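Residues per chain are reported as follows:
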Amino acid sequence: MSTGVQPALRRTMTTRGPGRPPGRARRFDWLPYALVTPLVVFIIGLALFPAGVTLVEAFFRVQALNPPDTFTGFENFVHMFRDDTIVSSMANTAYYAVIGVVLSTVLGIVMAVTLQRPFRGRAVLIAVLILPWALPGVVEGIIWTGIWDSNTGLLNSVLTSLHLVNHYQVFLGRNHLVTILVIEIVQVWQLTPLSTLLVLAALQNIPGDLYEAAQIDGASGWKAFIRITLPLARPGIAVAIVQAVVATLNVFDQPYVLNGAASTGASVMEQTYFVSFQNLDFGEGYALSLLITVVTIIVSLAVVKLVYRSVKY
Amino acid sequence: MARRFPLRPLGVAFILLWTLVPLYWVLSTSLQTDAQVSAKPSNYIPPTPTLSNYLTLLRGSGDIATSIRQSTVNICVECAASTVITVVLAALAAYAFARMRFRGRRVLFYSALATMALPAYSTLIPLYRIMSTLGLVNTYTGIVLVYVSGFLPLATWILYNYMSSLPMALEEAGQVDGASRMQVLWHVVLPLARPGIVSTAIITFLSAWAQFLFPLVLSSDLSTEPLTVAIAALAGRHTVPYSLMSAAGVVAIAVPAVIAVVLNRYIVNGLLAGSVK
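Protein chains in written order, with the numbering used here: chain A, 1 to 313; chain B, 1001 to 1277.
Rather than coming from a laboratory, the hints here were simulated on the basis of the structure.
Model, not experiment: these values are computed from the prediction.
Just so it is clear, CB atoms sit at the ideal spot from N, CA and C, and this is done for glycine as well.
Check the hints yourself; a few may be wrong.
[Claimed, not checked] Which chain A residues face chain B? A few, computed with CB under 7 Å, are given here:
1. P32
2. V40
3. F42
4. A127
5. V138
6. V139
7. S150
8. L154
9. H163
10. V246
[Claimed, not checked] Beyond 12 Å from chain B on every Cβ pair, some chain A residues (computed):
11. T72
12. H79
13. A91
14. W133
15. L177
16. R227
[To be verified] Ranges between beta-carbon positions, derived for each pair:
17. B:L1016 - A:F28: 57 to 67 Å
18. A:Y308 - B:V1021: 47 to 57 Å
19. B:V1107 - A:F119: 42 to 52 Å
20. A:G208 - B:A1179: 41 to 51 Å
21. B:R1237 - A:H176: 47 to 57 Å
22. B:A1254 - A:R82: 45 to 55 Å
23. B:V1021 - A:R122: 38 to 48 Å
24. B:P1241 - A:D209: 52 to 62 Å
25. A:V311 - B:G1060: 35 to 45 Å
26. B:R1194 - A:N279: 15 to 25 Å
27. A:F28 - B:Y1110: 17 to 27 Å
28. A:V307 - B:M1182: 36 to 46 Å
29. A:F28 - B:A1254: 43 to 53 Å
Please construct the entire structure, taking both the sequences and the accompanying hints into account.
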């Protein structure tokens, strides 16, 4: 059977067939519309419309206990920058993002380079590596409580056994930086598998003879990593950074479980939740949502512009 | 010429320790009594492994056990329903986008994809208010609708890429034989797209299982609270024994962990298809 000829033949027959003048008076084809309608309804009704609501109502006073809604211009935004807990949550979120993006990207590159060449057991290692990505962030918070805990935690036990500290230490709630660092490590645990896979996919495209050529020129090991691996992995690294930026700027589950409402480490998303669903001040919540969305998109675009380079072999 | 990474053994050891130590630790804690968990230094291996924490969750009549059991049922219902609906709707739309030409095709396709660029939580408050207006707070329907709307764009994108990569020849042969386009979809395209469909289903299911903030807002009692929300509520009380919390945690990670290990090939393929644009 000549599958190569048949389609061409069929196309000629249908366009020139009887009763169907070329390109005109076709019956309306409703099937594709029927197929995409559910998707379109969901996207418009439960994504674009709500996003529009956030965009508009950020400039309104919307308080469940204080109707009706009234236009107040930038008042929600002004109010937000006068509120100390919200301002400090912005600083916290910036810390989360910086720590999370740097750690998950560096670890992702290290793990991807480890997995770059085939070796026995690599498939098993990838299966293990992916685990933290697949688990709920909330439960990961509970898992890591067992490591950070000041009374029974694994880290304290190991540090004391090794005589690195004399007595059990408080990590969560010790001070701003340490608290945020230990909470963010839990999120990094969840983010790193995807970063690794993204960088690894980029590394797999690098032709092996590039490394051979470099070796002949006397550039191997570290030099080859800096001159070949890193630049050619840029598309993968850029996507990895973007996913980490989006996740860390919107961090909620890990600080919520590990730290509760304590303002030492509260993120902007936590404040958004508290403001909207405990104080029932939706207008302020909308303004915070809009702010974090705009910042997320701007930072993501900046990363793409700075880090992404398309690579051709 | 061997060009292997000289520090590979170190890297391998790091990946294994980094991933497995926390998982081992929660499992080990769940197999100890609360007194054993409080030992200093910790018991690195459970001295007398016991399933008593799991039996408490399985058979106990206290409110902790009841809430874990009911919320496990809830999370299974919500994940299964949203996975099935997402995959079916995404497959239909992906087929239309990949194989049919129609007015508005590009606009619809790219606006669906564009919603992936929005952080999920940007629509949290409006979605809550919509569901509350429709009387769908504290219902499975409300939660599933929100999940499906969140997962559809990525699912459609993965399946669109997969279907576009399939050879046209078989479908055309089917059409020559007189099959309708829906018959071609059902008998030719879907069977060929099976690996893509499995990837999409797994990624959707795992994302649904991991949800926390949306169900936290959309459900306020045990009628619909998924396991993640129930566990966080128990952790917030600070009175639940840590060994029992750990057992609940192991229950909550068992399903996604098994899926991730057994079906990881599909996950890796699906993720890479979905995120490298």
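Enumerated hints in conflict with the structure, sorted upward: Of the numbered hints given earlier, those the structure breaks are 7, 9, 14, 18, 21, 23, 25 and 26, listed in rising order.
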